[in-house]
Structure formats: structure tokens, C-alpha cells
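Participant: Here's the letter readout for the chains.
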Amino acid sequence: GSSNSSAHIQHGMLQGRDFDDPPGLLEKTEYLLKEWLTIYSAAPNRDPGKTFSVYIHQMNVQGILKSDDIITRFFRLSTQMMVELCYRQIPDQSQSPSTVRAKLFHTIDAYVKLIVLLVKHSGDATAITTKTNLLNKVLGIVVGVLLQDHDVQVTDFHQLPYHRILITLFLDLNAPDPVLESINYPILAAFCHTFHLLRPRKVPGFAYAWLELISHRIFIGRLLGLTPQQKRQRAYDQTPVTDVQGWNFYAQLLIDLFKYLAPFLRNAELAKPVHLLYKGTLRVLLILLHDFPEFLCEFHYGFCDVIPPNCIQMRNLILSAFPRNMRLPDPFTPNLKVDVLQEISLAPKISPDFQCYIQPPSFKKDLDLYLKTRAPVTFLSEIRTTMQQSCCEPGMRYNLSLLNAIVLYVGTQAIQHIRSKGLVPNTSTIAHSAHMDIFQNLSVDLDTEGRYLFLNAIANQLRFPNSHTHYFSCTLLYLFAEANSEAIQEQITRVLLERLIVNRPHPWGLLITFIELIKNPAYKFWNHEFVHCAPEIEKLFESVARSCMVHKQP
Amino acid sequence: GVAPLGPVPLSKDHQFQFTMLESAFLHLPHPSDSERIKLYLPRNPCSTPHYYNQGPLPHSDSLEFFQRLSTETLFFIFYYMEGSKAQYLAAKALKKQSWRFHTKYMMWFQRHEEPKLINEEYEQGTYIYFDYEKWGQRKKEGFTFEYKYLEDRELN
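As you go down the protein sequences, you meet chains A and B in turn. The opening residue of the first sequence carries number 1 in the numbering used here; numbering runs sequentially from there. The opening residue of the second sequence carries number 1 in the numbering used here; numbering runs sequentially from there.
If you are wondering where the hints come from, they were derived from the structure by calculation, not from laboratory data. Where a beta carbon is used, it is the ideal one built from N, C-alpha and C, also for glycine. Be a bit skeptical, because a hint or two may be false.
As the list claims (entries may be wrong) - Here are some, though not all, of the chain B residues that point toward chain A, as calculated from beta-carbon distances under 7 Å: (1) 14; (2) 28; (3) 34.
Assemble the whole structure, with the sequences as input and the hints as a guide.
Facilitator: This is the structure we're talking about:
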């Protein structure tokens with residue numbers, strides 16, 4: 001399992017810092033590597049079946065394969081030699097960078113080939129655990145050597161050797177080969193653990209290479225590629241859970257990336273190095289949106305939890321994803337009846353379970369009690385206090401992830417509650433319930449900042465046609481209609497508008513909600529003062545209204 | 001504004017993270033770092049004027065496209081871009097034009113006329129072949145093409 005593989009990686013990492021080698025081992029390692037390089041150079045593209053057994057014999061003679069401990073030391077010393085080679089060669093100005101690289105890569109690739117062959121041939125053909133344990137140990141050693149190098153070199157640290165070792169090792173282990181295919185899942189898991197250990201927050205000097213590793217087309221393809229059948233099944237809730245651990249792994253790596261970027265993006269001061277990483281992140285999201293939209297659909301919740309509220313376009317990329325087999329009705333169709341769409345009765349699949357973010361357990365209990373009994377009224381003010389008190393992030397006054405979880409949880413409970421009465425959610429059935437009490441209370445009781453976060457949490461659910469999109473679209477419009485102050489209406493408008501004035505893509509549910517707001521005379525949208533507060537705002541509304549193809553109300 | 005929750009001064013930890021990113025920015029990964037070694041045509045990025053093509057033509061990775069290339073181009077791709085998809089497509093296009101690969105001489109042969117002799121093991125006659133050392137087409141009369149050297153895998 002995964003805990004086993006991380007234990008081996010951990011072990012390897014510790015070994016990476018161990019220098020208490022038996023005498024002569026360094027020389028033996030150097031000798032054996034040189035021998036291997038000669039064998040490899042003779043036929044770099046062939047699988048050296050016969051020569052390899054001769055080589056294994058040599059390793060045995062040198063006593064390398066005697067114990068696990070010696071093998072690990074051999075790998076550590078070899079990895080360090082590769083790294084030292086890079087540090088020696090890279091500053092060489094007398095040769096072109098591509099020549100220097102070609103030489104380096106020849107050596108590193110040979111070393112990687114040796115690892116692959118040792119993994120492949122350790123134990124008999126069916127010894128899956130032996131092979132994966134060895135692989136995890138090697139990856140742990142690479143991580144250990146990297147971390148130490150990063151600590152020691154600080155700003156002189158180079159990503160190159162580790163980047164090359166990891167990507168080549170990954171590609172070689174994913175080559176078509178019956179033995180390697182039999183351990184494909186443990187291989188993927190081992191690399192995911194390795195990349196998580198090397199996340200930019202822990203190893204910022206490796207961030208660019210890290211992004212290249214996690215966005216490599218073969219890595220994405222292996223982790224996210226499923227049969228079309230599985231893809232169709234995953235978009236909605238009531239489907240069998242298939243073996244798709246790869247999706248969870250990949251979601252974790254993306255969250256690692258967003259978390260690293262968050263403090264820099266939040267301040268909207270993008271220095272060149274951050275801007276480059278941000279641009280790369282947007283590209284990865286575009287690829288995912290195009291090739292694996294079901295993946296973004298399923299994990300949107302966790303991503304929105306860690307993306308700063310001001311990153312509107314980045315979030316829109318995620319929220320615009322919709323299942324590939326679905327045809328979205330054009331939001332600009334006059335008299336589009338959302339209520340009659342079949343999809344709006346289906347709940348979207350959301351991973352992982354967001355309920356666990358509602359903490360502490362006593363608060364969850366109180367929340368459930370209130371949803372059931374609509375009492376005590378004092379609970380309503382308890383929500384705000386809990387969110388404020390449990391906030392531990394600098395620069396935030398609210399526990400955003402608790403707020404997001406409450407909003408989605410109350411919404412899903414509301415849908416169930418309405419259904420249990422044999423009704424369907426719409427602007428009238430959602431009203432006058434414990435659920436709506438909570439939402440109305442939050443919109444009135446919170447200050448501007450809290451309300452902004454609250455309305456964002458709702459807007460994050462306005463996506464492709466599904467039961468959440470429909471419910472939260474109705475809720476937002478209801479909150480607008482029932483607002484006791486124009487400040488609330490202005491903020492609702494702001495949250496919708498700021499997600500629409502950025503470049504495409506725009507989530508379907510967001511467009512539907514905004515069009516309804518400006519089109520339906522019941523909301524008297526054009527009568528509000530904030531629409532006319534400044535000439536440029538007024539112009540903006542008119543242009544959005546024009547692009548929504550509706551006539552401005554007189 | 002662009003930071004609706006107001007800016008927050010970066011913590012010491014974040015400042016360190018930025019410094020490390022900044023130094024990594026000075027030696028970014030090179031496109032070739034995550035590719036197989038290209039022995040003859042290594043990547044050599046440089047900026048070219050915008051009015052030149054910045055990317056390949058659409059569908060230039062299809063067999064149809066390769067079939068429109070000259071045989072010399074196909075031979076170049078075959079010998080200088082080993083292990084690439086382009087090499088595979090070039091081999092496929094050459095086969096479609098009745099070139100056959102000789103695995104001992106490592107050269108491509110095409111019948112110049114109907115072989116004078118054909119049996120189970122070989123055929124014999126006049127052939128055109130491409131000499132990669134002299135880099136040109138040559139003619140060979142009375143050549144024996146042994147079938148055991150014929151590369152006849154199905155490329156699909």
C-alpha cells in the first residue's frame with residue numbers, strides 16, 4: 001500500500017544523509033559505474049540482456065548486493081556522483097550548453113538505465129514487492145540527496161541533475177515491458193509520493209523542474225487517462241467508484257502548487273519568477289480543461305479552497321470544466337428554461353469529502369441540530385464566531401475552508417430536504433427553511449469581507465448543469481431579491497460581474513445566474529443606484545448586457 | 001481592487017521561498033532536459049523574427065504530410081532523427097514508395113527493374129539504394145537481396 005511505499009521512501013531519504021560508509025565503497029562504486037557506462041555506451045538503445053547478467057556478477061563480486069544497506073549506499077554514492085558531475089560541467093563556458101548537456105545526459109541516462117534494470121530484475125519476475133521496495137528506496141535516496149543539496153547550496157542549487165534523473169527514470173519505467181507493466185500502479189504511486197515530498201513549499205529551488213515533472217504529458221496521461229466509459233461515469237454522484245487513485249494523487253500535487261503560489265498571488269504583485277510559474281500553472285490548467293475536464297469537475301472544491309479569492313481567471317478555468325459528453329444549452333438562448341433540463345436533478349461528484357472540513361465536531365453537531373429543528377436561534381451568530389475564531393491564516397479574518405464547507409454542506413442538505421418533501425428546488429421551494437435562515441443570516445450578519453467570501457463560496461458552485469448549480473443559482477437570486485440593504489445586492493453583483501469581465505472561459509451557471517438577474521424585471525436590477533454609481537460602471541453594465549443579448553429595461 | 005482582502009506582508013518563510021525561486025529562475029529547465037538525447041539535431045532555442053513561422057505547419061506529423069516530402073528528406077529524417085515519431089513516419093512513407101530497408105547494410109533499397117531471379121531466400125537484380133555515407137542515390141547491378149536482411153515488420 002501507500003504507507004509501505006512512503007516508509008521506504010523515508011528510509012531512503014534518511015540514508016541520503018548518511019556518510020558513514022565502509023572503507024573502499026566509494027572506489028568500488030566509481031569503478032562499477034565506469035564499467036556500466038562502457039557497457040551502456042556500446043549499445044545505448046538496446047536492452048543489454050546478456051551483458052547485464054555479467055554486470056550483476058561483477059556487482060556481486062564487489063559485494064554490493066550483499067545487503068540492503070550496501071545497495072542503498074551504492075545508490076546514494078552514485079546519485080551524488082551524478083550531481084557532482086553536473087556541478088562541475090555546467091559552468092563550462094568553453095562548450096555550448098547543448099554539448100555540455102548531451103554529455104551529462106549520456107552519463108545520467110546510463111545510470112538511470114542501471115536503476116531500471118536492477119528494479120526489473122530484483123527478485124523473480126513476479127516479485128512485485130521486492131521490485132517496488134527497491135524503487136521506493138532509490139527514489140527516497142534521490143529525494144534525500146536533493147534535500148541536502150538544496151540545504152547546503154541554497155541559492156547555488158541546481159535543478160538539472162535531479163530533474164533529469166526523475167523524468168528519465170519515470171519514462172524508462174513506463175516503457176512497454178510486461179514486467180514493468182505488472183508494477184505500473186506502484187510505480188505511479190512511488191513517483192506521486194516523491195513529487196509530493198519535493199513540493200515547491202518544501203523545495204522552492206526545485207519549483208520549475210517540479211512543474212515540468214508534474215505536467216509532463218506522459219505523467220498526466222498515466223495518472224489521469226481513463227477509458228471513456230469511466231470518464232462518463234465519474235461526473236455524477238450515483239456511480240460505482242472505480243479504481244482511480246491516480247486522480248486523487250494528481251489533485252494533491254495541484255493543491256501543492258496552488259498553495260505555494262497563494263501568498264504571492266494574493267498580493268497581486270507578481271515578480272518575474274512568480275509570474276513565470278503562474279503562467280505555467282495556467283497552461284497546465286488549460287490542458288486539463290481541454291483533455292481531462294471531468295477531473296477538474298470532480299476536484300474543483302479542493303482547488304477553490306486554496307486558490308486566493310482574487311485569482312478569478314484561474315478559478316474560472318476550473319469552474320468552467322464540464323463532462324465531455326454533455327451539451328450545454330447556450331446561456332444566451334432567449335427564454336431558456338433551466339428548470340426543464342434533465343441534468344439539474346443530478347448531483348455532481350465532489351472529491352474528497354468536504355464534510356470533514358466542518359470542525360470542531362461539536363459545531364457540526366449544532367449545525368445538524370439547527371438544520372433539523374431550526375433552533376436555537378442563537379446558533380446563527382455562533383457560525384460567524386466559529387469562523388472568525390478558528391482562523392489561523394495570516395491576513396485572513398475568517399476560516400475560509402470552514403466557510404466553504406458550511407455553504408456546500410447546507411446547500412446539499414437543503415436539496416435533500418426539498419426532495420424528501422417530494423418537491424424540486426426552485427426560487428419558491430428554497431425559501432423559509434433552516435437552510436435559507438443560515439444563508440440569509442450570513443449575508444446580513446457578516447461584514448463586507450466575510451460576505452465577499454460567503455458569496456464567493458456560493459458562486460464557486462455555479463458551474464455546468466447539475467443540482468448544485470441550480471440550487472445555488474436560485475439561492476443567490478433569492479438573496480438578491482430578499483436583501484434588506486443595497487450593500488448586499490451590490491456585493492452579489494460585484495461577485496458575479498468580476499467573474500464575467502475577465503477573459504473567457506466563463507462557467508455556464510455563472511452566466512445563467514447573471515443573465516437572469518439583469519433580465520428578469522422582478523429583480524429591478526437597473527433601478528439600483530450602484531448600477532449608475534459611475535459612468536464607467538454604467539458603461540460596463542451596458543456592454544455586459546449587450547453581450548448577454550437582452551434589452552435594457554427602461 | 002486586485003487584492004480585495006488587502007495585501008499581506010510576506011512572512012520570513014515566504015521570503016525565503018521567493019529567494020530560492022528567484023535563483024532557480026536564473027537557470028531554468030531547458031526543453032531538452034526532459035527529452036531523449038538528440039544526437040545530431042540537439043535543441044538550440046534562439047529567438048527568431050515574428051514574421052517567420054514560429055511553429056510547424058498543422059498536420060505536419062501525419063503520414064499524408066510525410067508522403068509529400070522528397071525521398072532525400074525522408075532519408076535525412078530516418079538517419080538523423082533516430083527514435084522519434086518523425087523517423088517512424090519517414091520509414092512508413094518510404095515503404096509506401098516501395099523502398100525496403102536492408103538490416104545488414106542499414107540502407108534503403110528500391111527495385112530498379114523486375115528482379116532477374118526470385119526464390120524463397122533472396123532476389124537478384126538491379127537496385128537503387130541510398131548511400132548515407134556518400135549521401136546520395138546509387139545504382140547497383142546484380143545485387144542479391146537476402147530476405148533474412150529484409151526489415152519486414154508491420155508498421156502500424
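Participant: Hints first: check each against the structure and report whether it holds.
Facilitator: Hints, one by one, checked against the model:
no. : hint : in the structure
1   : 14   : holds (5 Å)
2   : 28   : holds (5 Å)
3   : 34   : holds (4 Å)
Consistency with the previously given hints is maintained throughout, with no hint failing.
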